[in-house]
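> Each chain, written out:
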Amino acid sequence: MIVRLVRLALIVVGCGFLWYGATLLWDSGADALRSIAVWFAAGILLHDGVFAPVCIALGLGGRRWLPYRWWAPVACGAVCTVALAAVAAPVLGRGGAVANPTVLDRNYPLGFALAVALVWILVALAVVGSRAHPTGRAGRR
Amino acid sequence: MSTVRGPEVASRVGVALGVAIAICFVTGLLSHWIQHPPDWFWWPAHPVWLYRVTQGLHVTTGVAAIPLLLVKLWAVYLRLFERPLIGSPGRALERGSIAVLVGATIFQLSTGLLNIAQFYPWKFFFTTTHYAMAWVVVGALAVHIAVKLPLIRDALSRPLDEDRPAPDVPRGVSRRGVLLAAGLASAVAALTVAGQTVPFLRRLAVLAPRSGRGPQGVPVNRTADAAGVRRAAADPGYLLIVQSGAATRAFSRDELLALPQASAELPIACVEGWSASATWTGVRLRDLLATVGASADADVRFSSLERTGIYGSSVLPAVHARDGSTLVALGLNGSPLDIDHGYPCRLIAPNRPGVLQTKWLERIEVLDT
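Listed in order, the protein sequences are those of chains F and L.
The opening position of the first sequence corresponds to residue 2 in the working numbering, with each subsequent residue numbered one higher.
The opening position of the second sequence corresponds to residue 39 in the working numbering, with each subsequent residue numbered one higher.
It is possible that some hints are incorrect.
What the hints assert, rightly or not - Pairs of lysine to any residue, SDA-like flavour, derived with a Cα cap of 25 Å:
hint, chain 1, residue 1, chain 2, residue 2
1, L, K186, L, A60
2, L, K161, L, R345
3, L, K161, L, V393
4, L, K161, L, T41
5, L, K161, F, I3
6, L, K186, F, L11
7, L, K161, F, A90
8, L, K186, L, R345
9, L, K161, F, A42
10, L, K186, L, G134
11, L, K186, F, N101
12, L, K161, F, V39
13, L, K186, L, P197
14, L, K186, F, I3
No lab work stands behind these hints: they were computed from the structure.
The shape of chain L in the complex, shown without the other chains (with noise of 0.2 Å):
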């Protein structure tokens, strides 16, 4: 059996790959909070590529880790067969909450990349569940450094490859041979994908599950056809409703595109880490409630004409409804916005998930303050 396993590479791998589910972590839990925010969260409209660094960061890093922990389990699987297999009942919960972290580490990587490949064989539903696992993968990953703290720090502190063999025996891999080997390996694999959100990177990405194609040079994550509106958005009668208390109006499409146009440079970003930046023409959203009578300085529900899923409704929050970056937007890359993209028109804001970024407006509508 293999000389090179045990704690020298265990604890080294075992650092990369803690700081991947650190990263992963953080980066979850802030797009969780932009979806889901308590009251005393806030996020900024600026500077506008933001969440696209973060999730793009995530998605990538998430990635990346998986040949980690490949190897780091690796590092470390023969101490699975060690006797006795159960033993005192402090080794039992050792052993437990190891097994908790393995398995719940390996159903945060599996499924989460199933999950930008849009594959879903499972009965659970995915944020959600992605979500909560990630804080059992980062609660057994604290206990376990704790339990292994000492361990860990001896083997940091001893040199990588200190018992060299004797000169009869032909060792092919050294530690630093795995340690090469896995940090290699990390880098192919976010190589493959990273293209996704790194527009440079594109060529390379050859797994990613998006090239960048789409309609006006921009990829689509809900199709008219998936979210059921194309009657309803490509209806003559389309009337979009502004509404501020008692005060109401209605606006064709083409009553928009009278109105005051502006155009803005931002990035759509998905959850599932793939993000583009194009340019969008519209109006802007405080010029638009402004015809109401209304002030940006409040939160904003935008509906969709999408009556199914979850995801029919956002409400924007006054920080982003004032930013004059903000837009109805009812034109992409200098063409009418394809109904793909949200035709007859769709909220562009900065900085935001694209999950957010309301398409087949139906409604706006300005919450009280």
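Isolated chain F, as found in the complex (with noise of 0.2 Å):
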């Protein structure tokens, strides 16, 4: 009963925000609105159609060429390694792109060179602590 009442209100009150903020972009005029259904319609297509397959396809080629003792401290590497690539899409590449000497002032092709180094010495690190004890459900039968 209480559990019905919950979802009752959280759709009665995700309507009304829904409704809401649809308002609210329809105020944005006809040129910006373009643009919002632009970028709102091509982050679904990019994700469904191009990062997920891929990362499908990258996945399967990990499990079929990697040993499998490998694969879970490589996969946590590689999420990490989309997380950099995402954080540093809009910065890297575009040192003075703003007329403001203190927007984008720091090196950071080097900062995500580093960074990604630093993820896959520890993924490789990770790979040689499991293989130096073989704790991994294999070794545990």
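Put the two chains together into one complex; each comes in its own frame, and the hints tell you how they fit.
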């Protein structure tokens, strides 16, 4: 009963919020609205049509070519690398793009390279460590 | 195909993502209300660092949510291809609501990330769109949770890795491993920007759009050139007008410097998430208002020499106007204010977004109470 009430309340409040957000967006004007629609649709299409299939292909490749003891550390490293790449995308190669010397004022290529290198050094250590201490499921059996 | 995808991972990462979205929504709403206050809204002057924390949390949490969103979508991706693709009206509605949720969330995180890097490859106005889309995200999320609640409860009540594989089936990545990867990636993403807000993490913030450096040790959001005020601000005949009703006085910068000076340690905290604490010196606003016989128990409008853009003026609520640390600043960290920080003088008040700390002041006007 309580769960049903909670679900009902969530739907009512959620639809209200959706409606309010939609009316605010609607007031943006035609040009802006078109641009919003493009970004909205592009996000879904890029993820579902490009990013996710590439991840699946890489995952299948990894399973095929890498010893299974490597899978967990490599998968973890891959997720961290994707996260770093996503955060780096708007700053990499944009030094000086803003006429303000206090914005985009780091060496982003170097920082990104160091961060990714650190991630994969840790992945390598985890792989080596798992070999030295075979405590995985296969080991316990 | 992977056997670790599914509701066990989706529900757990979903809870984390839901919390992140809730934090972003609440802190974002606060920031919106501070800038466009409804009648009932009240925001204190103390603690002076509160806005710095809420807005830093907003941006850092948004960045941390990026890997959570990707892992969440990974966990449910194959459901996209389940048959029938559309099916009954109810199913169409469910799929439609998920498309709205996914599209709006990707939209918020990607455009938000571009905004903190001052990158605007679109034709909409960022702040109003970010605000409107936030309601869409939270609304669609509430509907999604309502639809999935039995499934979520069921998945959360089951142990994470209950179905042990047969010993001859090697399984390299457990569900626990996926959650660990999501959590670590989220922490890594957050660490690369958190130093914009948290000083001791500054050296780790390798992807933060701000290093924290700038003239007089403080970054700048809008330069004098971008605001088109360089000539007017450097004019030796500059005068600051202070007005209350019929009483008006004009002060040159030297006359302001001749008034009793005060100093305050206050952060400048940008809506883009970066912040920096600094020592400001200048005239207390309430002392300056007293020169035209005004009490500081009223809202006060600050107008800039800046004529372009929409941030050329701000209204300071009475609670900040009467506060002793609110200054018309003439100096920063021990030297005269840099022109990019608002020379000849600027407003600096506690616990306010940087965009409302009006620079290159031309006029201060006490509003009717």
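> Decide, hint by hint, whether the structure agrees.
We went through each hint and held it up to the structure:
{"no.": "1", "hint": "K186/L / A60/L", "in the structure": "holds (18 Å)"}
{"no.": "2", "hint": "K161/L / R345/L", "in the structure": "holds (22 Å)"}
{"no.": "3", "hint": "K161/L / V393/L", "in the structure": "holds (22 Å)"}
{"no.": "4", "hint": "K161/L / T41/L", "in the structure": "violated (42 Å)"}
{"no.": "5", "hint": "K161/L / I3/F", "in the structure": "violated (45 Å)"}
{"no.": "6", "hint": "K186/L / L11/F", "in the structure": "holds (11 Å)"}
{"no.": "7", "hint": "K161/L / A90/F", "in the structure": "holds (20 Å)"}
{"no.": "8", "hint": "K186/L / R345/L", "in the structure": "violated (51 Å)"}
{"no.": "9", "hint": "K161/L / A42/F", "in the structure": "holds (15 Å)"}
{"no.": "10", "hint": "K186/L / G134/L", "in the structure": "holds (14 Å)"}
{"no.": "11", "hint": "K186/L / N101/F", "in the structure": "violated (47 Å)"}
{"no.": "12", "hint": "K161/L / V39/F", "in the structure": "holds (10 Å)"}
{"no.": "13", "hint": "K186/L / P197/L", "in the structure": "holds (19 Å)"}
{"no.": "14", "hint": "K186/L / I3/F", "in the structure": "holds (15 Å)"}
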